[in-house]
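Asker: Protein chains in written order, with the working numbering: chain U, 181 to 292; chain B, 3 to 180; chain C, 1483 to 1578.
Hint data in this document are derived by calculation from the structure and do not stem from the laboratory. A portion of the hints provided could be inaccurate.
Example chain B residues on the side facing chain U (calculated, C-beta under 8 Å, incomplete) [stated by the list, open to error]: (1) GLY40; (2) TYR42; (3) THR43; (4) PRO44; (5) ILE46; (6) THR93; (7) ASP97; (8) LEU114; (9) PHE115; (10) GLY118; (11) ASN132; (12) SER142.
Built from N, CA and C at the ideal position, the CB exists for glycine as well.
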Amino acid sequence: MSGALVAEVLSWAFIVAGSVFVLIGGIGLIRLPDFYTRIHAAGITDTMGAWLILIGLMFSAGWTLITVKLFMLLFFLAATSPLASHALAKAAFLRGLEPMLGRGLEIEGDHD
Amino acid sequence: MGLFLRQDQPWRASRRETALSGVALFVVLMAVWLLNSGHYTPLIIGFGVASSLLVVFLSWRMGIVDREGLPVHLLPRATVYAPWLFKEIFTANVDVAKRVLTPFEPNISPRLFDTGVTQKTDLGRVIYANSITLTPGTVSIGVKGSYITVHAIAEDVADGLQEGEMDRRVTWLEGERR
Amino acid sequence: MDQFGAATLALLVCMAMTLFRSIAGPTVFDRVLAVNSFGTKTVLLIAVYGFLTGRPDFLDLALVYALMNFIGTIAVMKFTRFGDLAGMEDDDEETL
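Chain U extracted, bound-state conformation:
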């Protein structure tokens, strides 16, 4: 009985925390000034937002096959989202999209 209550409370906590991170990612996607910085905002949604929501769903599902599927979904998201971000950033950089850098900073290293 109390075990179910603990699972319910944990599910609430994780899902609400995940929703907050998802919202922060969305705000960042609008607020940040250029493409390369927006990737970081999308990264918040892809990592903490998605993971916390999925972990919350796991607590709600309990020890069933559904939890295994949720874990698989978590694994796929964790494996594919950095690859997609990297492919985007690399394509943009090779296409010559100039990053907006901090005050007084220049691109370091030799890139043609």
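Since chain U is already given, all that's left is putting chains B and C on it; use the hints.
Answerer: Using the frame of chain U, we list chains B and C on its own:
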């Protein structure tokens, strides 16, 4: 009809390694099938065995059945690396969230720089580059030889990466072989 | 309203923000990034909605959508870079 012939491909792994990796790949695919299907009749399980065998065969023909394609040998050390990475990702998330939510103007100072890698194998470099991208605040833009081009959202995030703790841990994860 | 309803609401609001970015641009990469992020949120929305309506079978759809979203982004990026999905000519660097 060269369907079953092993072509002259120098990047292929040894027969023993290929056989072991092939069996491991089959076991993983079969586990995914059984966990996802939920129907345990002989017909459906037979379909699963057939699909898994087909996928293993196609992968073998592509020459990607080797230690690099299915790095099960990294699993013991990955159980130590993954929790550290999750902790790192959590702190980075909170940090970037604070920067995004700073009033009036986001508190950012983006920097693009090269950082050296100490991993010897391609697999280790890919793991390092993916770990960098997975951590919010840093995105790897390119991997060239022994350095990775990184875009960081702020200068102290970049300094934190260049201290090289993640690099050392990935090198440890990769092991000393080769 | 339970926790699933709250998460659905947050995801929908965030998807609206992402949609704004994909319309506003300004570069094609911003749009692809927004569409990719939108896809991730769609996966989460499908999963959460399955729990909201008490039908967790929706998770299978979420799994398939996650994989398709990834392949779609990679395909669009490859097309933007090489103008072709089959080969990778005029590229002297290693890809991905």
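Asker: So, for every hint listed, does it hold in this structure?
Answerer: Okay, the hints, checked on the actual structure:
1. Against a cut-off of 8 Å between C-beta atoms, the interface hint on B:GLY40 holds, since the closest Cβ of chain U lies about 6 Å away.
2. Because the smallest distance between the Cβ of B:TYR42 and any Cβ of chain U comes to about 11 Å, over 8 Å, the interface hint for this residue is violated.
3. Interface hint status for B:THR43: violated, as the beta-carbon distance to the closest one in chain U is roughly 16 Å, over 8 Å.
4. Interface restraint check: B:PRO44 against chain U, minimum CB-CB distance 20 Å, threshold 8 Å, status violated.
5. A least Cβ separation of about 15 Å between B:ILE46 and chain U goes past the 8 Å threshold, and the interface hint is therefore violated.
6. The closest approach between the C-beta of B:THR93 and any C-beta of chain U is roughly 11 Å, which is over the 8 Å cut-off, so the hint fails.
7. Because the closest C-beta pair between B:ASP97 and chain U is about 10 Å apart, greater than 8 Å, the hint is violated.
8. For B:LEU114, the interface hint holds, the least distance from its beta-carbon to any beta-carbon of chain U being 5 Å, beneath 8 Å.
9. Annotation: interface hint on B:PHE115 holds; nearest CB of chain U at approximately 4 Å, less than 8 Å.
10. Checking B:GLY118 against chain U by beta carbon gives a least distance of about 11 Å; that is not within 8 Å, so the hint is violated.
11. Interface hint at B:ASN132: satisfied, since its Cβ lies 5 Å from the closest Cβ of chain U, which is below the 8 Å cut-off.
12. The restraint placing B:SER142 at the interface with chain U holds, with a minimum CB-CB distance near 6 Å, inside the 8 Å limit.
When the structure is compared with the earlier hints, violations turn up for hints 2, 3, 4, 5, 6, 7, 10 and for no others.
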